[in-house]
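Colleague: Here's the letter readout for the chains.
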Amino acid sequence: MKILYLFALVVSFIVLLSGNAKLNPEASTDLERQLDDVARVGSVVVDGDVCQKIVTRRAKEFLFAKEFRDEFLAGDNYDVDDVAFNTVKKTLIRLSHLASFPADVNLWMPIEGHPGKIQLVIRNKNEMSQFWNWGELYGDMVPQMETVLKTGQRVTVTNKPGWISVLAPVYNSSGDVVGLIETVSQVKVDAHENVK
Amino acid sequence: MRRLQTRFVVLFLMVIYSQVSLAADLEALPEFLRSDPFGAIVAPDRSGADLASSLYDTQHRVILTGSRGGYVSFHLVVKLPLPGLYTLDVKISDPTNKVQIDLFREWFHFTDSDKHYYPDALIPVHSTYSSRLPEPDNRISQQTAQAFWVDVYIAPDAHPGTLSGSATLKAGTEIMTLPIQLTVMASVIPAEDAVTVDHNSYGSSWLAQQFAASYQRDPEHWFESNQFFGLIHAYHRIFFEHRGIFHQLGYGHSGKVGPEFAPVLDGSGKRKHITSWSLYDRHYGPLFDGTAFSACRRGRRPIPFVYLPINPEWPASYEFWGEAGYEAEFVNVVSEMERHFREKAWTHTNFEVFFNHKKRYKGFPWDGDEVRFPKDLKYFIEYGRLLKKALPAGTPVQFVFRADVSWDMEQQFGLLEGVVKLWCAGGGILSFYKDAPKMLRNRGDVVWYYGGPPSVMDSSSAITEFPLRAWLWGVNGYVHWLTVSPGEDPWFHFNGGQTALVYSGEGFGMTEPIPSIRLKIQRNCLQDLAVLDGLKGRMSLDSLRAGAARSYNNSALDDWWNPRPALADLPSDQWLGSAIDDATKHSRQRLGHPVASAWYNVHRYALTLQAEAK
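Quick mapping for you: the protein sequence lines, in order, are chains E and A. All residue numbers for the first sequence refer to the working numbering, where the first residue is 209 and numbers rise by one. All residue numbers for the second sequence refer to the working numbering, where the first residue is -9 and numbers rise by one.
Just so you know, the hints here were simulated from the structure itself, not pulled from any lab data. Where hints are given, some of them may not hold.
What the hints assert, rightly or not - Derived lysine-lysine pairs resembling DSS-like cross-links, with alpha carbons at most 27 Å apart: (1) 365/A x 274/E; (2) 298/E x 365/A; (3) 334/A x 428/A.
Use the sequences and the hints to build the structure in full.
Modeller: What follows is the structure, encoded as structure tokens:
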């Protein structure tokens, strides 16, 4: 009986250690590997044609609009096709379930006519992204994103301490890279961050 | 010889003058005149400078008059021409202890934008306070004046009559005393407010930033600690004691829910269920049963409103939106919540189903907050259906669907009738629809409007404009959209405080938030509104409102509304922000900015009517 008890104790201890490893910075390799797996699958299953239908023409027309009396002009005109959005978002959520830890899969799209700029189109429930500055409609494209869009290669980014993102291309039916997904997690998840 | 005599006289006068100007001084100022650290009235309040002597009678006594069940407030300003020590002692003798003095040292914030000092944060001190000028922690090298806020609390069961007191300043060998006479009126300020003033906030990570020392002692467990929950309750208390309410939204724009704002869920689809109420009940239990307020002067009372954590991603996963699994998750978990609240007898609070997300924040494809595009309303109707399905008929638990509306509000008032019961409307656009508040209230809906606190650089009376407008409009309340965020360095590089009405007390050795002058003035304004509203049995409400508006800024009731603009008949997705701005010009021009004495005049009006009623 005692041996059984000891065995159970040892097994529990090992399980506990392996569980903690997911939160340990030294075990980030496992995080990275899983995120890369998710990104690889995501590249195959995310439908680039549907992604291209999400942001409406009106939203695109106003995206860079400036009006000194109306600082929210672009945001107030931001709109999406909800059917396309929901279709892609559901896929992104399911992709995130492939990771054994809290992770998000976000969709980023380049902006036609504005090279060097990119916009986050879909975020998810852990509110994680290594690149999104809270509240912005669009931002500057980081070089790694440019690489993905140009080459179709997956790129791992660990610029922000404690964060791991894998960027992967999204293709449309013509075979063009029309966007990218960011599979992302943190070595230590902050339960209160971005609850705002 | 004559020339010598003249010189002597001049010299003598100079010596006398310098002795006079070097003397310590203690001055009482009405609540609407804020002093700067050099003894001058701050620029935005100088429009009310004629009130400076209004507290004094002919014998230079400070004369105060107040109803029971409320506060009378004023400033005391200690002036020392040279650096030195002083002691201030404020007292009003009341053997029954039904009249109490709360003394606060006023913090002088340096505002970077105009490079001036304004008092706002109020640090509680004992009624006998000793310190020096310049005040060491405020670090104003040339400081010659320290202002104090005095709250005189008169309990509802205090004896009417006259009480005597004094404010005494000791500085070196000098002692100066201001006699105080307080008249306690027989009238009692109604405990219930005519207008609900809400103080909004988002999440709780800001608590760890503002109470960093407490957080740093145990960062791993702080968000589950008694200190943490005690602090949240303290925020509710400080607003409650100032006749307000406090909201804390517990989820983000993509649906991330803070652990203390929701029960723990497990499972998926029809097996999704609640597994733990532990953190939720520690957070909300004392708020819903009122025990968090047991020690408050206003007495134990459950909070009247609270946000639920419900959002498109909680309790149902958005992965299943539009499918049977979404409905099962939503209905089952919300049903469990209703049952839990009912079993706990938490039936005095309105539990708000409220969607705060905007599509511009990329979490969801429809606007929950401030819907602009009518196509988004189908989501509201669907959630209305789900909510109805989740709740048993006749439940005593009060679930209420809330919508914060602006652009499309007129259409939503119609389309969402029976779905949305709590409307929080943008003030600018609501001002086009004079008939809306009455129409909504007549069908049993609650109507608030929203905006933000004025800056400390506005006049002292600016804070009173919002509750007054709510009362004049006939809506139920007003929401300050953010009230707990004073910026990175409110003490020495202040942004003006348009997102803060309270401050962290941690820098002053306290474990709770501290109030502001603006919050105190707002509370006193709410007292007066409760008094005025309470007189509606004797006078018509319209007449009371007209009198208050006239006293405030010589306005008529119609000046507070805007004519319905042509754009109101266009689809709201064709409106421009600048056009809305143009359409609200009428009321802005008619009303102007409130001068410092604006609320003083309304207060006098209320006192006069009270006296007449007696």
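Colleague: Could you run down the list of hints and mark each one as holding or not?
Modeller: Outcome of the hint check:
1. A distance of roughly 26 Å separates the Cα atoms of residue 365/A and residue 274/E; the hinted pair therefore holds under the 27 Å criterion.
2. Restraint check for residue 298/E and residue 365/A: the C-alpha separation of about 20 Å stays at or below 27 Å, so the hint holds.
3. Note on residue 334/A and residue 428/A: the hinted pairing is violated, with a Cα-Cα distance of about 35 Å set against a maximum of 27 Å.
Hint check: a violation occurs at hint 3 only; the rest are consistent with the structure.
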